[in-house]
Amino acid sequence: MSSREKFTQGVSLLFKTQWTALKLAVDMQWGGHDSEDKRDWLIDVIVDYFNKNGKNTDVDDLETILNQVMTDEFNTLLEDDSAYQISQDLIKIYYECIQGNYSTVDLLQSKQKSVKQNSKKAKNYEDDEDDEDSSDEYDEKSLENGESSTMESDEITSINNSTITTKLSKNKPIIDDDGFTLVTRKR
Numbered sequence: 109m110s111s112r113e114k115f116t117q118g119v120s121l122l123f124k125t126q127w128t129a130l131k132l133a134v135d136m137q138w139g140g141h142d143s144e145d146k147r148d149w150l151i152d153v154i155v156d157y158f159n160k161n162g163k164n165t166d167v168d169d170l171e172t173i174l175n176q177v178m179t180d181e182f183n184t185l186l187e188d189d190s191a192y193q194i195s196q197d198l199i200k201i202y203y204e205c206i207q208g209n210y211s212t213v214d215l216l217q218s219k220q221k222s223v224k225q226n227s228k229k230a231k232n233y234e235d236d237e238d239d240e241d242s243s244d245e246y247d248e249k250s251l252e253n254g255e256s257s258t259m260e261s262d263e264i265t266s267i268n269n270s271t272i273t274t275k276l277s278k279n280k281p282i283i284d285d286d287g288f289t290l291v292t293r294k295r
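Residues in the sequence shown are numbered consecutively from 109, following the working numbering.
It is worth saying that the hints were derived from the structure and are not from the lab.
This one's a predicted model, so the numbers in the text were calculated from it and none came from an experiment.
All clues stand as given, with none of them false.
Mimicking DSSO-like on lysine-lysine, the simulated pairs with C-alpha atoms at most 30 Å apart in a straight line are: (1) Lys160 / Lys131; (2) Lys200 / Lys131; (3) Lys200 / Lys224; (4) Lys163 / Lys219; (5) Lys219 / Lys131.
Label pairs and their calculated CB-CB ranges: (6) Asp284 / Val223: 39 to 45 Å; (7) Met109 / Leu132: 28 to 34 Å; (8) Thr128 / Ile199: 16 to 22 Å; (9) Met109 / Ile173: 21 to 27 Å.
Note that the Cβ used here is the ideal one computed from N, Cα and C, for glycine as well.
Let's have the full structure, built from the sequences with the hints guiding it.
Now the structure itself:
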């Protein structure tokens, strides 16, 4: 992979994973239904800017471009200096890539992979939780409707009683020694 291709990859990774303002603007479609296309267009604009200006690239000019695109294309006014920070990162990646040093791009790529893996794990965990909840609901409905189960009736009664006791104790306010009621949030 050439240094130009590696730089383009670095810009893409930086914009898609590290710049929270742009990521939110795309995820929430602040730029309309074609927000992803606008982000990809911005990547091309920045890469072309570096190809045109090379080592004469100015951090303030980059910041101005990024702020202007966020305002015009995503209706977002940045007040957090993130455009300046991203501009500095872009220049750093550019200088590293022209020297054949791809460590920052490789680091961004490994971060992206770990984020994807973590999001897959989180999604699987949520799916497992949903499966458990739905099976519990089915079991409770089946028992309420009088459908038979593999458990003996004594076991069913003790489970229902413990469920009722647990639900009652969860709804009952807890008052401490000073007379204050403990406020708990629902889960």
